[in-house]
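Model the full assembly from the supplied sequences, consistent with the hints where possible.
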Amino acid sequence: MPSLMLVTDRRQVGRRRLTDVVGACVAGGIRNVFLRERDLPQAEYDEVLATMRRDIADRAAIFTRSPDPRAAGCQLSSSDRLPSPRPPIVGRSAHDADELRRAIDEGLDYVFAGPYAESASKPGHGPALGARGIEAFVRLPGAPPVIAIGGVRPADAPDIASAGGHGIAVMGPLMRATDPTDLAAEYSRAAAVFVGVPHPSEPM
1 MPSLMLVTDR RQVGRRRLTD VVGACVAGGI RNVFLRERDL PQAEYDEVLA
51 TMRRDIADRA AIFTRSPDPR AAGCQLSSSD RLPSPRPPIV GRSAHDADEL
101 RRAIDEGLDY VFAGPYAESA SKPGHGPALG ARGIEAFVRL PGAPPVIAIG
151 GVRPADAPDI ASAGGHGIAV MGPLMRATDP TDLAAEYSRA AAVFVGVPHP
201 SEPM
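Going by the UniProt record's numbering, the sequence shown runs without a break in its numbering and finishes at 204.
I should point out that these hints are in silico values taken from the structure, not numbers from a laboratory.
Positions of the beta carbon are idealized from the N, C-alpha and C atoms, including for glycine.
Take the hints with a grain of salt, since some may be wrong.
[Said to hold, decoys possible] Simulated restraints, written as ranges between beta carbons of each label pair:
#1 R54 <-> P141: 40 to 46 Å
#2 A43 <-> P141: 38 to 44 Å
#3 D58 <-> R16: 19 to 25 Å
#4 R53 <-> R15: 21 to 27 Å
#5 P83 <-> A128: 27 to 33 Å
Now the structure itself:
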């Protein structure tokens, strides 16, 4: 499962093309991209996905909002139904213990846990989990790998790793960055802390 994932939001890139910003992030070391854009009509979504596949598929795995044979995996919202047939790799957003238990019952491969901190992308969305909240998620019996999202800064990576988190996902800071490549490189260096950190269910 990814230790660092870029999450897209075309509304935060200004006058730039979303695919150009994504490409800049991949140039900075991002190797997993979730094409979120949940409000985008399917035909337009498919066009963006096709462009991303053309531009970055040789350097990054692409996750989609619903099952797609062209994607590496599928990232569901907290309220989406589990697709049938089940995609090979599928994750779900989880904001509290009940949503995490649903993901456990479904046998999902990972969860996005958030918000980790106050997020400029979703002000007022919370409460923030912080490192203690991530640890509580990780310690829930049967929990899949937990990826922290929402207000995550590069400096937060060590605390998230110490809490047992598997990795981090980033949207707003990279979408809004004046230099996405430079900031993506900073996040990539920070995410190196997750390499070799065992999940609580794994042997030390």
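Structure-based check of each hint:
no., hint, verdict
1, R54 <-> P141: 40 to 46 Å, "43 Å, holds"
2, A43 <-> P141: 38 to 44 Å, "43 Å, holds"
3, D58 <-> R16: 19 to 25 Å, "22 Å, holds"
4, R53 <-> R15: 21 to 27 Å, "24 Å, holds"
5, P83 <-> A128: 27 to 33 Å, "30 Å, holds"
Of the numbered hints stated above, none is contradicted by the structure.
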